[in-house]
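Those protein sequences? They're chains A and B, same order as listed. Numbered according to the numbering used here, the first sequence spans residues 71 to 486. Numbered according to the numbering used here, the second sequence spans residues 17 to 131.
Hints are computed from structural coordinates only; laboratory data are not their basis. Built from N, CA and C at the ideal position, the CB exists for glycine as well. Do not take every clue at face value.
From the structure, some residues in chain B lie toward chain A, with a derived Cβ separation under 7 Å [stated by the list, open to error]:
1. 61
2. 93
3. 105
4. 106
5. 129
Facing chain B, a subset of chain A residues (Cβ under 10 Å, in silico) [unchecked claim]:
6. 118
7. 189
8. 237
9. 239
10. 248
Each pair of labels, with its calculated beta carbon distance range [unchecked claim]:
11. B:104 to A:77: 35 to 41 Å
12. B:125 to A:387: 51 to 57 Å
13. A:219 to B:55: 43 to 49 Å
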Amino acid sequence: MNDENLERVVREEWGRLVALLLARYRRLDLVEDALGDAIEAATRTWRVRGVPDDPVAWLLTTAGRRVLDRLRSEAVHLRRAPELIIDAEHGPTRAGTIADPGGIVEDDVLRLVLMCTHPALAPEAAAALALRLVLGVSTRDIARLFLVPETTMAARITRAKKKIVDAGIPFAIPGAEALPDRLDTVAQTAYLAFTAGYAPGSGAELMHTDLAGEAVRLVRVTLALRPAAEVLRALLALLLLQHSRRDTRLSPDGELVLLPDQDRHRWHREEIDEAVALLDAIPSARPMSAQAASYLLQARIAAEHATATSASATRWDRIVGHYDALLEVMPSSAAELARAVALSESAGPAAGLRALEQIADVGSHRPSAVRAELLRLLERAEEARESYHLALERCGNAAETAHLRTRLLSLDGCVG
Amino acid sequence: MTRYLLLITHEPWDWSTASEETRDAFFAQHRAFSEHVAEHGREIASAALGDADTATTVRHADGQLVLTDGPFAETAEMIGGYYEVELPDLDAAVAAAALLPPSYTVEIRPVITLE
Chain A
71 MNDENLERVV REEWGRLVAL LLARYRRLDL VEDALGDAIE AATRTWRVRG VPDDPVAWLL
131 TTAGRRVLDR LRSEAVHLRR APELIIDAEH GPTRAGTIAD PGGIVEDDVL RLVLMCTHPA
191 LAPEAAAALA LRLVLGVSTR DIARLFLVPE TTMAARITRA KKKIVDAGIP FAIPGAEALP
251 DRLDTVAQTA YLAFTAGYAP GSGAELMHTD LAGEAVRLVR VTLALRPAAE VLRALLALLL
311 LQHSRRDTRL SPDGELVLLP DQDRHRWHRE EIDEAVALLD AIPSARPMSA QAASYLLQAR
371 IAAEHATATS ASATRWDRIV GHYDALLEVM PSSAAELARA VALSESAGPA AGLRALEQIA
431 DVGSHRPSAV RAELLRLLER AEEARESYHL ALERCGNAAE TAHLRTRLLS LDGCVG
Chain B
17 MTRYLLLITH EPWDWSTASE ETRDAFFAQH RAFSEHVAEH GREIASAALG DADTATTVRH
77 ADGQLVLTDG PFAETAEMIG GYYEVELPDL DAAVAAAALL PPSYTVEIRP VITLE
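If we strip away everything but chain B, and leave its shape as in the complex, we get (with noise of 0.2 Å):
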């Protein structure tokens, strides 16, 4: 078993406006994963994050702590969420991270154990 992290990065867009067919295909889509991964192996964590723009990124420069307005990588898509889970292998996290909605591009990462 390997616990790995998925890191959920998509466009910016608003759900409040999202139809009630779209909101349950998603939730559709992030039941089909939980069971999936539920059956392979298990989820340890996840959460959904609040918009880019509410984010502060922290870091320190010439000794001092800088805090900046916005993500650390300015880029088109943002982090929306992440799960935490254990699986037996990559080919079973990849086999999870394509039941999540299409409009995902999903970042697989290995979680490094420490002793």
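Chain A extracted, bound-state conformation (with noise of 0.2 Å):
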């Protein structure tokens, strides 16, 4: 029990118990391992002595003092000047430390993400630093989101780490002309955290809908230091229509509930009413980014799903339009497949399975999962189960393991 309350602490606030802890002590190679200690110290404590009552601040003050442990044994070991301690201690002033000009917003979590997102870092490299220490995405899920090994991941973010530290990458909000350029990457590091939310791939959990609600706050946070930028309100109103159908997604027993099964009258219509307002407020014709001409049209799409009475009158016809405009500003593999399942609706599972084979294996496990789909409604039962176990074989994630192995048995039923 404690170590669930724990664990929901931790998804919950790391983002902000870094950026406390980074704030305070501009530390960034001490802040993650004083952060570890205190969690499990916590792991041990809370288990005897229960939860506190503030639970973050407990964290807070105990990575504090770890903190402050390294400092002084690092000041012992320099034999520097015991000033630079009992300055540490009583904690720097706001205004003395940070280099903050525009003053814009006093938010030390949009500090730590525009850190996290700086130009001087590369691009993979910084948003996968984000979910990591700002969202706190496990290192294995960023892995699996980026399609690379843990090893590989864990040490591109030790990489961008060192290098924040030793380039001197600065923890604070650039002036009002820098930060435009800013947000295009703000964005894109939200939109991959929400992705992650929805498909962690790995663990029992197949949604971590809490983190998925974390990437939709970090657009609202910096969407309200800039209104008018489009690239924030067209990610916004894709991320609320996802988000909007949340509680559809898993049936009680924790099986995947696809989109034309899910019970619509329970999708959050506060949400989609919201998304589909920001949606008719930006003028179409305006020239945009690649970026938010992308995200504008993937909320499109979700738009012709969200505001159907019902999955049969769902305009998948509109929706292949819509994916040919996307794939024409931002081409990729999963956009590809996304077409060939509107185009199978829109014009049966022959095209949709001809669509499908023109798409570029990357190791996935949904392309397969896909095709054996289409498979089975053109009744060609063998090569369906073909597909079936090899996208069994590469995924990874226990909810849509199941759902592939219940339409496997399923399957087999229909011939047997």
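Mind assembling these two chains? They're in different frames, but the hints should get you there.
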């Protein structure tokens, strides 16, 4: 019970804890280890004494002590003057330490986000780092997201942190003239975090909707700074539309429920309305970055689903059109796969299967899972079975694996 | 404060044939850089270097000292000079580098300080 509490606190408050510790001690190299030690201490202490009234404050104090211990031993090691430690113990005053000429907002989490997404970092490294430090996504899940081995991702994150420390990347909000360029990267980061929230790819829990909600919050915070930024408005609409279906994606037994079978009455209508209003307010003729256009088109696709009164009333022809436009501005194998699915709905499974054959194999289980469904519709049971098996081989997610097994079994039932 | 070395690379060109306006622009851009640095930190050292074809590279091979005529890396661009500065953070260093002539490519490297 206590471990669950701790896990929840860590997942929800990770970014705030990192940001507060960083604001106070300015030592990225010490903060994460100190926080790790504090969580370990909490695992032992909370089990015995129960969860404290303010778990975040407890973790913050404990991690802060760890940082101070390290600073002290460093100072002794280097025989530095003791005033450095006194300074750290009192904590630096805000005004004196942060280069923040714009003074736009007092938000340590935003400082953390902007530091993680600094353009001096490689984009993939920046996104990975933000997921790790801001949202507390595990290195393993980040590795799945970027389709690289866990060790590669761990090394990438370590390298990015080292660069921040060594190169002096600031923990600050840049001036108004530099901020817009930084928002595209923030949007990308939030989108990847959201994706991670809905398909963590490991463990028994299919979705971390809390995490997806954090990604939505990340966009809202940034959007509040730049209300006119199309990239953030389009992204917020997209995330709200996808997030509005969170309560219907899993059955009570924890099994995956596909879009057509979801109970539309349980979709969060107020979120759909907010998203549609956001989309209506974006002038379509206005030129925007490829990234903004990509979010806008994905949001329009999601809006088609969200506003259809039933699955059979879905305007698949319009969705295929949106996917065609999307593949023009930002080609991806995920969009090609989704287009193949949409095409099979509007033009039949044979057309979908032909589109599927054009997609490059990137090792994901999803194209095989879709292929199996289309082959099944075409009554090619033997080939469908092979595809289910391939998908099962590649799938690392317990809920999706269970779903694939059920489908495979029912196929055997049909044939038998 | 962090110490940075700003390595300036550019395509080889003949300064002696540059027009007066070009030279004035270069001087003004370097002056703007130095003023920015002085305002936010300090300039420790700087130099313009002789052309890459005046370079001599020294390396060890099989226990022998080997001298080679030319720079250590053969690229289209050459290292033309450097600034060593002390500035609050990378953003300040990037802002300073942005003031230098646009024909430059500037590599910013933190200087490791040994206690």
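Now for the hints, and whether the structure bears them out:
1. With a cut of 7 Å, the hint placing residue 61 of chain B at the interface with chain A is violated, because the nearest CB-to-CB distance is about 19 Å.
2. The beta carbon of residue 93 of chain B is not positioned within 7 Å of any beta carbon in chain A (closest approach about 20 Å), and the interface hint is therefore violated.
3. With 7 Å as the threshold, the beta carbon of residue 105 of chain B comes within range of chain A, its nearest partner Cβ sitting at about 4 Å, so the hint holds.
4. Hint on residue 106 of chain B holds. Least Cβ distance to chain A is approximately 5 Å, under the 7 Å limit.
5. The interface hint given for residue 129 of chain B is broken, as the beta carbon of that residue sits about 11 Å from the closest beta carbon of chain A, more than 7 Å.
6. Taken as an interface hint, residue 118 of chain A does not check out: its beta carbon lies about 42 Å from the nearest beta carbon of chain B, beyond 10 Å.
7. At about 9 Å, the closest approach between the beta carbon of residue 189 of chain A and any beta carbon in chain B falls short of 10 Å, and the interface hint on this residue holds.
8. Hint status for residue 237 of chain A: holds, given a least beta-carbon distance of 5 Å to chain B, under 10 Å.
9. Nearest Cβ of chain B to the Cβ of residue 239 of chain A: about 5 Å, under the 10 Å cut. The hint holds.
10. The beta carbon of residue 248 of chain A comes within 8 Å of a beta carbon in chain B, closer than 10 Å, and the hint placing it at the interface holds.
11. In this structure, residue 104 of chain B and residue 77 of chain A meet the distance hint of 35 to 41 Å, their C-beta atoms being roughly 38 Å apart.
12. With their beta carbons about 55 Å apart, residue 125 of chain B and residue 387 of chain A fall inside the hinted range of 51 to 57 Å.
13. Separation of residue 219 of chain A from residue 55 of chain B is about 47 Å and conforms to the stated range, judged on CB atoms against 43 to 49 Å.
Hints 1, 2, 5 and 6 from the earlier list are contradicted by this structure; the remaining hints agree with it.
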